[in-house]
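A.B. asks: Going down the list, the protein sequences come from chains A and B. Per this note's numbering, the very first residue in the first sequence carries number 9; after that it's consecutive. Per this note's numbering, the very first residue in the second sequence carries number 41; after that it's consecutive.
Calculated from the structure, these hints are not laboratory results. Among the hints, erroneous ones may be present.
[Said to hold, decoys possible] From chain A, some residues computed to sit far from chain B (all C-beta separations above 12 Å):
hint : residue
1    : 27
2    : 44
3    : 52
4    : 70
5    : 75
6    : 80
7    : 90
8    : 91
9    : 99
10   : 114
11   : 115
12   : 120
13   : 180
14   : 201
[What the hints assert, rightly or not] Pulled a few chain B residues facing chain A out of the computed Cβ check, cut under 10 Å:
hint : residue
15   : 269
16   : 326
17   : 546
18   : 549
19   : 556
20   : 567
Quantities reported herein were computed from a predicted structural model and do not represent experimental measurements. The beta carbon of each residue, even a glycine, is placed where N, CA and C say it ideally should be.
Read off the chains here:
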Amino acid sequence: MSAVVVIFKRFERFWHWAQAAMVLLLIVTGFELHGFFRLFGFADAVSLHDWAGFSWAVLLVLAFTWIFTSGEWRQYLPRLEGLGATVRFYLLGVFKGESHPHHMTPAQKFNPLQGAGYLGIVFGLLPLQVATGCLYFFFPELRAAGWLQSIDWVAWLHTFNAYSLLSFLVIHLYMITFGKRISSHLRAMITGKEEV
Amino acid sequence: MKIKGLLLFASVLLLVLTNVLANEQADGTPKPRAAMTADHSKFEQLDQAFDYAPDVTEACLECHTEAAEQVHDSFHWRWAAKVDGKMVGKGENGFNNYCVAARGNESCTQCHAGYGWRNDKFDFEAEENVDCLVCHDTTGTYKKSAAMSGHPYYEDTLIGGQLIPAVDLRRVAQNVGQPQRENCLSCHANGGGGNGVKHGDTDMSLVDPVHELDVHMSSDKLNFSCQTCHKTSGHEIAGRYNGKVAFVDHQLDMGRAERDGKNLSCESCHGNKPHDQRQLDNHTAKVACASCHIPEMARGPYLTKLSWDWSTAGQLKDGKPFSEDALFDGVEAHRYMSKKGTFTWGKNVVPEYRWYKGELQQKTLQDVIDPMAAPIDINPPTGDYRDQDARIWPFKIHRGKQPYDTEFNRILPIKLYGKKSSGAFWTEFDWQRALQVGADNNHVEFSGSYGFIETNGYWPIKHMVAPGEQAVDCIECHQQQGRLAGLNDFYLLGRDSHSLVDAFGALAIFGGLFGVAGHSGYRYLSARRRAVNNAKTS
Numbered sequence: 009m010s011a012v013v014v015i016f017k018r019f020e021r022f023w024h025w026a027q028a029a030m031v032l033l034l035i036v037t038g039f040e041l042h043g044f045f046r047l048f049g050f051a052d053a054v055s056l057h058d059w060a061g062f063s064w065a066v067l068l069v070l071a072f073t074w075i076f077t078s079g080e081w082r083q084y085l086p087r088l089e090g091l092g093a094t095v096r097f098y099l100l101g102v103f104k105g106e107s108h109p110h111h112m113t114p115a116q117k118f119n120p121l122q123g124a125g126y127l128g129i130v131f132g133l134l135p136l137q138v139a140t141g142c143l144y145f146f147f148p149e150l151r152a153a154g155w156l157q158s159i160d161w162v163a164w165l166h167t168f169n170a171y172s173l174l175s176f177l178v179i180h181l182y183m184i185t186f187g188k189r190i191s192s193h194l195r196a197m198i199t200g201k202e203e204v
Numbered sequence: 041m042k043i044k045g046l047l048l049f050a051s052v053l054l055l056v057l058t059n060v061l062a063n064e065q066a067d068g069t070p071k072p073r074a075a076m077t078a079d080h081s082k083f084e085q086l087d088q089a090f091d092y093a094p095d096v097t098e099a100c101l102e103c104h105t106e107a108a109e110q111v112h113d114s115f116h117w118r119w120a121a122k123v124d125g126k127m128v129g130k131g132e133n134g135f136n137n138y139c140v141a142a143r144g145n146e147s148c149t150q151c152h153a154g155y156g157w158r159n160d161k162f163d164f165e166a167e168e169n170v171d172c173l174v175c176h177d178t179t180g181t182y183k184k185s186a187a188m189s190g191h192p193y194y195e196d197t198l199i200g201g202q203l204i205p206a207v208d209l210r211r212v213a214q215n216v217g218q219p220q221r222e223n224c225l226s227c228h229a230n231g232g233g234g235n236g237v238k239h240g241d242t243d244m245s246l247v248d249p250v251h252e253l254d255v256h257m258s259s260d261k262l263n264f265s266c267q268t269c270h271k272t273s274g275h276e277i278a279g280r281y282n283g284k285v286a287f288v289d290h291q292l293d294m295g296r297a298e299r300d301g302k303n304l305s306c307e308s309c310h311g312n313k314p315h316d317q318r319q320l321d322n323h324t325a326k327v328a329c330a331s332c333h334i335p336e337m338a339r340g341p342y343l344t345k346l347s348w349d350w351s352t353a354g355q356l357k358d359g360k361p362f363s364e365d366a367l368f369d370g371v372e373a374h375r376y377m378s379k380k381g382t383f384t385w386g387k388n389v390v391p392e393y394r395w396y397k398g399e400l401q402q403k404t405l406q407d408v409i410d411p412m413a414a415p416i417d418i419n420p421p422t423g424d425y426r427d428q429d430a431r432i433w434p435f436k437i438h439r440g441k442q443p444y445d446t447e448f449n450r451i452l453p454i455k456l457y458g459k460k461s462s463g464a465f466w467t468e469f470d471w472q473r474a475l476q477v478g479a480d481n482n483h484v485e486f487s488g489s490y491g492f493i494e495t496n497g498y499w500p501i502k503h504m505v506a507p508g509e510q511a512v513d514c515i516e517c518h519q520q521q522g523r524l525a526g527l528n529d530f531y532l533l534g535r536d537s538h539s540l541v542d543a544f545g546a547l548a549i550f551g552g553l554f555g556v557a558g559h560s561g562y563r564y565l566s567a568r569r570r571a572v573n574n575a576k577t578s
């Protein structure tokens, strides 16, 4: 028996796709600023990176407000139950044609492994990236005020974290294919509806 | 009667109109007044057949009673200043990697603002020795002679095949005025032996530069004189001398009256937020305006000297000195001279960048150098990233190779200019003698053994500001092999990275891709195998 339920609410889908666009722009401009290639030109790359970064920061403020007021934060509570089964599924079961041990519900949209991952990303990596980005942006003012004398460790941390997020993105894009059909998860993130 | 009246009216009207027009220019603005309140051609003291320039000075001093004393206090007169308890400058102890030392080479004192500095007997306290005319001549006919240590040419003289007519001191004296660009540049553009040799940003093209070359001095727009920035007060002139900083960057927007004779910097007019754009304005805390707005040096038609190797000097052909020319950036110039050695030149040269806070350290002829540490920095700028007063500045770094005492490890001055038997290198081509006489003239000891050592001379670049659209592009510094490749005491976006961070990035991203490829590949294969098995069993 299968039913169609709304897993991803309207705001959540907006958050996801706006964030996707900004992160993509941030990655491209960030790589250009790091010296990997020339695309927009340095000055424009800086402006785009700054605008995208600040827009993303605003979006994250909205998202956290939503997460905490809607009770969605419960989705991110770490849980051990079912974790072993999920890991076993990705390492073995998927090759044997077994079905996913986690059953998605609106109250528990993440499997235990996924929940742990997003806990780290949403509450760790994303705020860290925005925070180091702000330090970077306001460095001249912070230096003038005597609070920060050099930018190197901020730059290293920001770059390190960017690489972490990008490597997550690689895994994230692959994980889309683990729905009922190859396209199920992608469709769900657009329409919000998932077949469970 | 009627006609007569009309005619009268018309002529009155015409009279009034011409009177009005006489005081107005064609565009209606009031006629400019003469810059000065005195017409020097009306002074009896100056209406004389002078045959000796110091007599003119005495005539000047009859009215300008304090002028000589003011000049005596100035760097234009002293050519040296006390720094850390020691006199330093081209007049005493200092040296460079062009002709090394001025002292003892009376031709160098051609550019001294005085008359007759031939040797140590020169009287620095004599008021009549001040040369008023070199700065205040407006006729362009007053030239100082190398052979007469700064006296003008009293007789018609052939110099290098060019006839320099005898000076008419009466005419020059009757036409004095505020110093013009030509006055300043006659020395400041021609130091080191010719136009453009020394500075890299100061040559004769500044007499009348196009807007592209110098936005401030071009007559198209601002038409600044030298003194517009180098404010003067009582013959004290704003600028950098030994022991005096050129500018104090953290004293921004000082009123012009306050910086008269004291401080000059771009910021004193432009402020430190001139771009109306935060990212660019943030640069001013660490980057001098000149670094971006003077994209290259020697941007005019003239070359500047980039290197000078004395060690090859003295070669003769058939017992005679010779010179060879070559093309440098499309302009012909000496490549070799028996008198001076080997040169390289350039124009539109990208400068080098150093931390600088308006002062240069000057090594002296008494300083012991470490030959192993060559090239020796003669006058390096100071400061670093953490120094609030320091900015990144463009420099011409003149590469020299010059004689030094291999026993005492000190730079050796050279006796260059002089008659036969004076020991002068340019007449005798005998290093041993020229170095001995040079050392004697400068009161330094010479062991008798000498060699040649590489040196760097630093010239901050600050003139020839280009139009804004020609400013250095971001990427020229924000890249690995860019203009700031050598300035490594801070993290520069686009240039710097942490190798471990980048290694982690490569591992995380490519590791992820590799994992995904393996996992999905095996997933696909196992799914196919299952499908085949299912087909078999059913």
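A.B. asks: Which of the listed hints are broken here?
C.D. replies: Those not satisfied are hints 2, 3, 9, 13 and 15.
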